[in-house]
Amino acid sequence: KNEVEQSPQNLTAQEGEFITINCSYSVGISALHWLQQHPGGGIVSLFMLSSGKKKHGRLIATINIQEKHSSLHITASHPRDSAVYICAVMANTDKLIFGTGTRLQVFP
Amino acid sequence: EPEVTQTPSHQVTQMGQEVILRCVPISNHLYFYWYRQILGQKVEFLVSFYNNEISEKSEIFDDQFSVERPDGSNFTLKIRSTKLEDSAMYFCATAQGRNNEQFFGPGTRLTVL
Numbered sequence: 028k029n030e031v032e033q034s035p036q037n038l039t040a041q042e043g044e045f046i047t048i049n050c051s052y053s054v055g056i057s058a059l060h061w062l063q064q065h066p067g068g069g070i071v072s073l074f075m076l077s078s079g080k081k082k083h084g085r086l087i088a089t090i091n092i093q094e095k096h097s098s099l100h101i102t103a104s105h106p107r108d109s110a111v112y113i114c115a116v117m118a119n120t121d122k123l124i125f126g127t128g129t130r131l132q133v134f135p
Numbered sequence: 016e017p018e019v020t021q022t023p024s025h026q027v028t029q030m031g032q033e034v035i036l037r038c039v040p041i042s043n044h045l046y047f048y049w050y051r052q053i054l055g056q057k058v059e060f061l062v063s064f065y066n067n068e069i070s071e072k073s074e075i076f077d078d079q080f081s082v083e084r085p086d087g088s089n090f091t092l093k094i095r096s097t098k099l100e101d102s103a104m105y106f107c108a109t110a111q112g113r114n115n116e117q118f119f120g121p122g123t124r125l126t127v128l
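So the sequence lines, in the order shown, correspond to chains A and P.
For the first sequence, the numbering used here gives the first residue as 28, with consecutive numbering after it.
For the second sequence, the numbering used here gives the first residue as 16, with consecutive numbering after it.
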């Protein structure tokens, strides 16, 4: 069983739609990362959070430590948001344990 | 904005050859990591490094792998005798502190023929 599960695996949306990507984990964590991976392969850190909610532009990340669940929301989605979004948790050590990613495609 | 850099961006090598992948961390970062991603799979942890020592390593990081920071700037991953299954994207990540946000380099695509 994967320690970090994401849903959905694939997501398509029309420009302007509100997007939600979910992440559930089964281990105790100190923090959770949301990462973005573009087709070229590079990984960009979007958020690191350990409680509550963070917002950056059109992106919002929330985490519920008791339920071991986090969500990434994208408001007013745009084709340039098309990428793979990866949830990664920092367990008892500082290594990251990654989910399999959610592939998002936003069409004009 | 400071960023992590990696060289080369793409390395093609013959099976059995040694390769060295290089990473330049953000200047005030003290914690260094290597991760890899085999095509179509999720990213996996290889090794963490702090204070010139390995902090933790995964089962993947066997005797064929080594890391060092020889000159206080470059952080390197060496694979002594590459295998076909070492073909992957290798990412360096660095952080200011142990449980701080990790920043990733653009990756090195290693192809072993």
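Think of the hints as simulated: they come from the structure by calculation, not from any bench.
Keep in mind that the hints are not guaranteed to be accurate.
What the hints assert, rightly or not - Derived pair list, reagent style BS3-like, types lysine-lysine, alpha-carbon separation capped at 30 Å:
hint, chain 1, residue 1, chain 2, residue 2
1, P, K57, P, K93
2, A, K81, A, K95
3, P, K98, A, K81
4, P, K72, P, K57
5, A, K95, P, K72
6, P, K57, A, K82
7, P, K98, A, K95
8, P, K98, P, K72
9, A, K80, P, K57
10, P, K93, P, K72
11, A, K95, A, K82
12, P, K98, P, K57
13, A, K95, A, K80
Okay, the hints, checked on the actual structure:
no.: 1; hint: P:K57 <-> P:K93; result: 22 Å, holds
no.: 2; hint: A:K81 <-> A:K95; result: 17 Å, holds
no.: 3; hint: P:K98 <-> A:K81; result: 42 Å, violated
no.: 4; hint: P:K72 <-> P:K57; result: 17 Å, holds
no.: 5; hint: A:K95 <-> P:K72; result: 25 Å, holds
no.: 6; hint: P:K57 <-> A:K82; result: 26 Å, holds
no.: 7; hint: P:K98 <-> A:K95; result: 38 Å, violated
no.: 8; hint: P:K98 <-> P:K72; result: 19 Å, holds
no.: 9; hint: A:K80 <-> P:K57; result: 25 Å, holds
no.: 10; hint: P:K93 <-> P:K72; result: 14 Å, holds
no.: 11; hint: A:K95 <-> A:K82; result: 20 Å, holds
no.: 12; hint: P:K98 <-> P:K57; result: 20 Å, holds
no.: 13; hint: A:K95 <-> A:K80; result: 14 Å, holds
Of the numbered hints given earlier, the model fails hints 3, 7; all others are met.
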